[in-house]
Amino acid sequence: MPLASHLTACCTLSLVALSIGAAGPACAGDWVSYRDAYRAMVVFEKYGGPKNFLQSQLQVAPQDRGASVDGLQLTLAGKTNQVNLPLDPLGRTPFPLLKGAYDENVALLLSRKIGSFAVRPRVSIALQPDGVYEDGELRAACEQALGFARYGDGSLRSRQCGGVRFVFAKRAAEVGVRVHRADGSDASLPVVPASPFPGDADDGFPTVLYRFGGNERVQLVTAYPPLAIVPLFE
Amino acid sequence: MTKLFALTLAAVSSAACAQTPATNPMPDGSRDMYVGLGVASGARYQGAADTERSALPVLQVQLSNGLFVSGMRAGIHFGRSPQVEFGPLLEWQPRRDAAGEGDELGGVGDMRFSLVAMPLAAFSDNRLAGMPVIHGRLQGGAFLNYYLTPDWRLTSSLLYGAGNARNGMKLELGVQRLAVALGAHHRLAFDAGVSFANRRYNSAFFGVGESDSLLSGLPVYDAGGGLKDARIGARWSWAWSPSWMLTSSVQATRLLGDARLSPLVERPTNLTVSTAIAYRF
Chain Z
-11 MPLASHLTAC CTLSLVALSI GAAGPACAGD WVSYRDAYRA MVVFEKYGGP KNFLQSQLQV
49 APQDRGASVD GLQLTLAGKT NQVNLPLDPL GRTPFPLLKG AYDENVALLL SRKIGSFAVR
109 PRVSIALQPD GVYEDGELRA ACEQALGFAR YGDGSLRSRQ CGGVRFVFAK RAAEVGVRVH
169 RADGSDASLP VVPASPFPGD ADDGFPTVLY RFGGNERVQL VTAYPPLAIV PLFE
Chain B
18 MTKLFALTLA AVSSAACAQT PATNPMPDGS RDMYVGLGVA SGARYQGAAD TERSALPVLQ
78 VQLSNGLFVS GMRAGIHFGR SPQVEFGPLL EWQPRRDAAG EGDELGGVGD MRFSLVAMPL
138 AAFSDNRLAG MPVIHGRLQG GAFLNYYLTP DWRLTSSLLY GAGNARNGMK LELGVQRLAV
198 ALGAHHRLAF DAGVSFANRR YNSAFFGVGE SDSLLSGLPV YDAGGGLKDA RIGARWSWAW
258 SPSWMLTSSV QATRLLGDAR LSPLVERPTN LTVSTAIAYR F
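Chains Z and B supply the protein sequences, listed in that same order.
Per this note's numbering, residue -11 is the first one in the first sequence, and the count goes up by one each step.
Per this note's numbering, residue 18 is the first one in the second sequence, and the count goes up by one each step.
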């Protein structure tokens, strides 16, 4: 009975699996393969197109809407040294591209379990220290992000830049974006709860959506720094 | 018939059937390697009704310069775009023989001369009995893969050099759904495709010549080229740690065209299942 024999072999392997699996990374939380993360993150590094307005970070994204990354720590656990990678409220951190860690095949350890989660690269628009953003710069940044997205995903060729989304911390002291027009008028954009990035489970972050309009020169001013400025492809 | 080792190697990260691994960017001078061992159960040969179990070595190596070894395949990734992969490809075509009936064949062979026209197959249910051994051959060719999205890719490979005359050619076309994540440590991949073979390939593996017919008792069969088979498969990978994983696959293959009509074929649809533990280093 080949099928029965095969099942027997599978069971035997599974028992071996459990014994080996128990010898995995010793931590109270979960783990991620550094190599797999490296493979995803190095694409931005190797991208030869314009990207001066962009930043790329690794995101640990819980798939359960109720799970939080508050206080979550990510540690690059090598044999000889450990590096703590601080996560922002969106679960993102700058990712160090280290040959030593790659060759050592180290684990990225999460300080606690957060249920099911995904690890993925997130490209967003770099923040300005003064909180002032020219419409033209945001358009250029969005075009850069779209160019990079198309570099990795040919199905995005038909997409266009529609705007940007400012994402604020849930506990931010002040949330909002004001639009200064050339004629001196000033207006605030509405704040709505939404997911920071497409596919994120938590849709409760305060966000402000700015859509690109005509050729009018406008400035956008944030009184309090956003967590991220996310390009919007439509 | 259980053999200790199959004359094949399995890959870990691509889909169920033999495919080229996806481009794996890494630091200069680094590598990504999997080595493991498991079990496989599948048809004794293409079109056989009986199955055999075998130990299954697992090997996949990728180097920073693009060189890769994946199961029985080796090649080089020349493409630098995330959307297109291409390069030269080598594949080892395993030997096909009467598979474990050598001793019996020797005894029966002596009898054949005394009984003049009695074919070898008269003493065996094995349709390969009396058929010539097809020696292992290194095939050469190329592969070209195109990503529709980061998760979907079209695959193709063209290999030449199979069969004893080294002139068999096979074209494989497929589509893959890569790495469906089920939580942080489980991945599923799906694969479907078709293969085309030239007349010389099909003649070598599915044809029965006049002399072969005398020895095997099978009717003479002239296998033409064209569509050879269609396949569908799935692979599940469960990572226990950055170093250890369990990888399992199932693949159904159905012979088509002239291959399916060959007298060597007892069952046109074959199922292959495998599972293996692999260490990544």
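Derived from the structure by calculation, the hints contain no laboratory data.
One thing to keep in mind: the hints can contain errors.
Quick list of simulated restraints, FRET-style, between CB atoms [claimed, not checked]:
1) Z:Gly66 with B:Trp169: 41 to 51 Å
2) B:Leu171 with Z:Arg147: 20 to 30 Å
3) Z:Gly37 with B:Phe207: 25 to 35 Å
4) Z:Arg53 with B:Leu278: 39 to 49 Å
5) Z:Gly66 with B:Gly243: 22 to 32 Å
6) B:Asp168 with Z:Gly119: 30 to 40 Å
All values reported here derive from a predicted model rather than from experimental measurement.
Don't be surprised by glycine CBs; every beta carbon is placed ideally from N, CA and C.
Quick rundown of the hints versus the structure:
1. Z:Gly66 with B:Trp169: 41 to 51 Å: violated, 35 Å
2. B:Leu171 with Z:Arg147: 20 to 30 Å: With Cβ atoms ~21 Å apart, the hint holds.
3. Z:Gly37 with B:Phe207: 25 to 35 Å: holds, 32 Å
4. Z:Arg53 with B:Leu278: 39 to 49 Å: With a Cβ separation near 56 Å, Arg53 of chain Z and Leu278 of chain B fall outside 39 to 49 Å, so the hint is violated.
5. Z:Gly66 with B:Gly243: 22 to 32 Å: Given a distance of about 55 Å, which is not inside 22 to 32 Å, the answer is violated.
6. B:Asp168 with Z:Gly119: 30 to 40 Å: Given a distance of about 37 Å, which is inside 30 to 40 Å, the answer is holds.
In this structure, the earlier hints numbered 1, 4, 5 are contradicted, and the remaining ones agree with it.
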